[in-house]
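*Asks:* Put chain B on the given structure of chain A with help from the hints.
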Amino acid sequence: MSSPRMSSAAQAARGNETRLAWMLVSPALSIVAAIALLPILWTFWESLHFHDLRMPWLGRPFVGAANYIEIFQSQRFWSALAHTGFFLATTLVLELSAGLLLALSIDRVTRGRGLVRTAVLLPWAIPTVVVALVWRFMFESPGGLAPTLFDRAGLTPITWFADPVAAWAPLILADAWKTTPFVAILLLAGLQNIDSSLYQAAEVDGAGPWRQFREITLPLLRPALLVAALFRSLDAFRVFDLVYVMTGGGPGTATEPLALYTFATLLQNLDFGAGSALSIIVFAVAFLVALLGIRLFGRSAFLERSP
Amino acid sequence: MTRWSWRWAVVTALIVGAVLFPLYWAIVSSFTPESRLFTAPKLIPAQLILDHYRALFTTRDFWTPIRNSLIVAGATTALAISLGAVCAYALARLQFPGKSLTLAFVLAVAMFPQVSIVSPLYLILRKVGLLDTYPGLVLPYLTFAMPLTIWMLVGYFRQLPFELEEAAALDGAGRLRTLWEVVLPLSAPGIATASILTFLYSWNEFLFALSFALGPESYTVPVAIALFRGQYQVPWGEILAGAVVATGPVALIVLVAQRRIVAGLTAGAVKG
Chain A
4 MSSPRMSSAA
14 QAARGNETRL
24 AWMLVSPALS
34 IVAAIALLPI
44 LWTFWESLHF
54 HDLRMPWLGR
64 PFVGAANYIE
74 IFQSQRFWSA
84 LAHTGFFLAT
94 TLVLELSAGL
104 LLALSIDRVT
114 RGRGLVRTAV
124 LLPWAIPTVV
134 VALVWRFMFE
144 SPGGLAPTLF
154 DRAGLTPITW
164 FADPVAAWAP
174 LILADAWKTT
184 PFVAILLLAG
194 LQNIDSSLYQ
204 AAEVDGAGPW
214 RQFREITLPL
224 LRPALLVAAL
234 FRSLDAFRVF
244 DLVYVMTGGG
254 PGTATEPLAL
264 YTFATLLQNL
274 DFGAGSALSI
284 IVFAVAFLVA
294 LLGIRLFGRS
304 AFLERSP
Chain B
504 MTRWSWRWAV
514 VTALIVGAVL
524 FPLYWAIVSS
534 FTPESRLFTA
544 PKLIPAQLIL
554 DHYRALFTTR
564 DFWTPIRNSL
574 IVAGATTALA
584 ISLGAVCAYA
594 LARLQFPGKS
604 LTLAFVLAVA
614 MFPQVSIVSP
624 LYLILRKVGL
634 LDTYPGLVLP
644 YLTFAMPLTI
654 WMLVGYFRQL
664 PFELEEAAAL
674 DGAGRLRTLW
684 EVVLPLSAPG
694 IATASILTFL
704 YSWNEFLFAL
714 SFALGPESYT
724 VPVAIALFRG
734 QYQVPWGEIL
744 AGAVVATGPV
754 ALIVLVAQRR
764 IVAGLTAGAV
774 KG
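Chain order of the listed sequences is A and B. The opening position of the first sequence corresponds to residue 4 in my numbering, with each subsequent residue numbered one higher. The opening position of the second sequence corresponds to residue 504 in my numbering, with each subsequent residue numbered one higher.
Any given hint could be a false lead.
Per the computed footprint, the stretches of chain B lying under chain A, defined by three or more beta-carbons under 8 Å from a beta-carbon of chain A, are [stated by the list, open to error]:
#, segment
1, 526 to 533
2, 559 to 573
3, 586 to 598
4, 704 to 713
5, 717 to 723
Derived from the structure by calculation, the hints contain no laboratory data. Remember, it's a predicted structure, so these values are computed and weren't measured experimentally. A virtual CB, placed ideally from N, CA and C, is assigned to each residue, including glycine.
Chain B on its own, in the form it takes in the complex:
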């Protein structure tokens, strides 16, 4: 038995090493002088510099995409959670005609390929003058954020014991007050999980941002680093520095909330 667990530990260590290596390589390279990036790569770097990061915030204006990404992902999360939580409560706890149809519709939208609604969204946003603006990104983002939050929160609300609401109803509280004063506070962990996942997806989104943000002033972080250009060659040092900066917030979230993320990912997918 111990012989086997020892072998599994080795397998795990190998896989974890393979998983972490590209990240290590990217981080080390982002601190390596441009001239050394493509000459005889070494596992342990000989010299580390900060130039690429400095260039990111001086010669390039990397604060702008960071600000854009924070605002867009933040607003998307706030809107999706506030409207989605109320909707999910009704879907999880109330009986009404059309309920399962609504659930099926939400699930269907979650499976929409983004690229199939790019053309009308582009035409609509152009017509109402929202191309290149924050709402012009937040609205399209809600197409994936809203179904995601509704779906996860319906699952969460269903797990809460019914007795809580019955007790509140006996105390004379209406359904809305029950939702506000009993259900929502108790659901804080579920809402936190849904917010984390929504924020991650919005922060990472690329296709909509690429299609609807036309100029560098409105680029989000993924678009900005994907479109980095140098004068003569690909500025790999700065690209990798940008990649590390783009990954920072995400890595932080994963470190803090890994347990919650795993719970959220598996809740919707695997029936207990």
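Extracted from the complex, chain A is given alone in its bound form:
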């Protein structure tokens, strides 16, 4: 390709390769475009209209940015945004630190690692709906496991799901339980990439375990930590299943995240104009988070994984 004049045979071969490539790519690509790209453009168009499915006689007039203005003026939106941010921050801190601890300990286990890995993978693999129901059951008052334990410990039992603050505890715990294993597995792969001779050298230099952790493990684990943080942030930002099943966003709307607010506006209130505007906002924020994340640890890990 560096030579300015390609032989015509080589050019024909390249043309053939391009044609073949597009032939192979296009079925999958056109489906993805039709069910993801087109809908997101449609959502944007829809968000500029008034469209209430319960009032079809009002039609679907163009209203410009009215839906967005209405949303930015609503208290419920800002609360939902704050709830999402709170959920993201607490689960991220909890899951990264617990995941790191778990990864470090699995890394040091010499026997039965397959068994440990299977046990740890289970919460990650089971449906979020199931996780939400099981944890709801454990915290259900009165008589559930957690309230009973509180009672036996001599503490005042809390009615978890009726309290706007306490309701967060089972949500965050269940999320941490389900996704810490995933974080641990990503971090474990990162740990196993660290050259063990570094530790031996540190040992020779008389560095204790804490210093080895701080000066070898943490810096070298940075890429894996960032990837895990990005994945977890994106997932926590769009959290839906867990909250829908566990608290329904309640009591009231005390635990309602953005995705749930959007869903309720769309499919419970059938207000497709405002719901679509909310969808676009969720989409835009998620996109920004992703871009920021990719910038943070370089596009290399994502786009240039070529050998």
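*Replies:* The following block gives chain B in isolation, referenced to the frame of chain A:
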């Protein structure tokens, strides 16, 4: 040194115990009579019964959601893998203009929040009469399944040695035949991993199923158990039995394929 590994073993055991406990509790409770579920929980059950499971398949029709889930997750996996593998091959092995843009596009779609495309998909599916049908779920599922399989298989195909294809080309095989007869058979492990993960994600999916399956006849397993209702109170026994049944296939897959799943999860995320 041994003192330290001993401590780590204890930490691991504690964590594994904490991880498994909720599952143990759910399973034990699913065999516990309704009247005892909320009175003085005991670690070791006093009495085990099968009533909740019996009710699941007699008074409730739990076979229907199981069938729906199997069909939808199976069809999604089959479609995503067959179309995705061909697409991934081109992206991994052929040189053509627009390649990195295509890869970036696929990755971007993988990061779409599902909720942001619910409204147009609902309107489209309603217009073409696909709400409440299998294709009406499989098509939306492809929005996450297709990018996932393409992404994982591109990574897998890139690891295969180029010499194989060169040898096949020398033997006079065209690219398509090479793909079919050399690359795909050799990629069986990668394709298996991608299929397992796609099936798991489809089996567990909730938001699309909740939005586009309107009646009990088309509910998938997660929707069905999330919407279980009793006449007077929450039927916890049956809900937990349903949860255990919903987890069964997933747990089986994890037991059989844990090594593969870990490889698949980490391949896309951490650069070696």
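*Asks:* Run every hint past the structure and note whether it holds.
*Replies:* Cross-check of the supplied hints:
| no. | hint | in the structure |
| --- | --- | --- |
| 1 | 526 to 533 | holds (count 4) |
| 2 | 559 to 573 | violated (count 0) |
| 3 | 586 to 598 | holds (count 9) |
| 4 | 704 to 713 | holds (count 5) |
| 5 | 717 to 723 | violated (count 0) |
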